[in-house]
Amino acid sequence: MNQVIARARTNTTAGSVHPVVVTTKFTKSSDTSGWLKVQLEPSGKMTFLPEYVKVSVTKEDSRTHFMILEGEHKGKVASLKSENAANCLVSTSRGSGAKLIAKTLGRQRLASKPRHNEVLNQLIATLTFDGQSAMITLDSDVDFKESNPLSPYYEQVRHSQPLPKGTYRILTPVVAKRADFTSFYVTAPGGNPDLKYHTVWFPIEYAATQNSNFVHVGNLSEGCVTMYDLTKWNALYKYLISNRSDKEGKYVGTVTIE
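Just so we're aligned, residue 1 is where the sequence shown starts under the working numbering, counting upward by one.
Please note: incorrect hints may appear among the correct ones.
Unchecked claim - Computed list of lysine-lysine pairs in DSS-like fashion (alpha-carbon distance at most 25 Å, straight line):
#1 Lys-196 <-> Lys-250
#2 Lys-196 <-> Lys-113
#3 Lys-232 <-> Lys-28
#4 Lys-74 <-> Lys-165
#5 Lys-165 <-> Lys-113
#6 Lys-99 <-> Lys-196
#7 Lys-177 <-> Lys-59
#8 Lys-28 <-> Lys-103
#9 Lys-28 <-> Lys-177
Unchecked claim - Here are the simulated distance ranges between beta carbons:
#10 Asp-180 <-> Ser-93: 29 to 37 Å
#11 Thr-58 <-> Val-174: 18 to 26 Å
#12 Thr-58 <-> Val-142: 47 to 55 Å
Worth flagging that the hints you see were computed from the coordinates, not collected in a lab.
Virtual Cβ for every residue (Gly too), placed ideally from N, Cα, C.
Given the sequences, and given the hints that come with them, work out the whole structure.
Below, the structure written as structure tokens:
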């Protein structure tokens, strides 16, 4: 998508102007992490953007410069080496909002092979999305240490509980979660060697927990919408990340828990 953003003089002829055209693109990861490393300008600081962030390309030389149009770094200029930009800033389109429906089935004690056959009291549900369905867990009935600094219970030990039934908005991810939270689901016996994008966790908007619940992959849920079926995460990730439900790009869609 090309867009005229200004008119500028280019010579000394009085009244001579021409459109300055920028190109709208979307970010794409250079690997299977789901994150694109970019250089903020003029500071040179490196940061990461999720996929499908809208940007406008403003200058191309040895580096491609672009304005970030949404998200945490909205309004900032960033750059990539031009050979990387050719593959990582793409012309595409996004969906208008992902819709997930989780139908609760009940508690079941399950052993997770990737977690060394740990047995947990899972709250199992069936998640439907984009014409597919998969088994998820909504809660694993475990104690955990609150890690969200915004929570009044920060660094306290809490007991997990599922989200109440209802519909919640899913936020666009901002930062990667620690790889060691989920990397063993790729490498451990009983895991999925083809699992990708596992550090991308999608926050669920819920004021009562300061958005501490997520849509993510794994066999342990501290009240999150957790993709238990490791073979279905890649598809769920691609569906979520390729959607935005608002003009600002803040949300990817909704999840309804029944």
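Structure-based check of each hint:
1. Lys-196 <-> Lys-250: Holds. Lys-196 to Lys-250 sits at ~23 Å (cutoff 25 Å).
2. Lys-196 <-> Lys-113: 19 Å, holds
3. Lys-232 <-> Lys-28: Distance of about 21 Å is within 25 Å: holds.
4. Lys-74 <-> Lys-165: Status violated; Cα separation ~33 Å.
5. Lys-165 <-> Lys-113: This hinted pair is violated, its Cα atoms lying about 29 Å apart.
6. Lys-99 <-> Lys-196: 21 Å, holds
7. Lys-177 <-> Lys-59: 32 Å, violated
8. Lys-28 <-> Lys-103: At roughly 32 Å apart (the allowed maximum being 25 Å), Lys-103 and Lys-28 break the hint.
9. Lys-28 <-> Lys-177: Given that 25 Å is the threshold and the Cα spacing comes to 18 Å, the pair holds.
10. Asp-180 <-> Ser-93: 29 to 37 Å: 35 Å, holds
11. Thr-58 <-> Val-174: 18 to 26 Å: At 23 Å between Cβs, range holds.
12. Thr-58 <-> Val-142: 47 to 55 Å: For Val-142 against Thr-58, whose Cβ atoms are near 48 Å apart, the range 47 to 55 Å holds.
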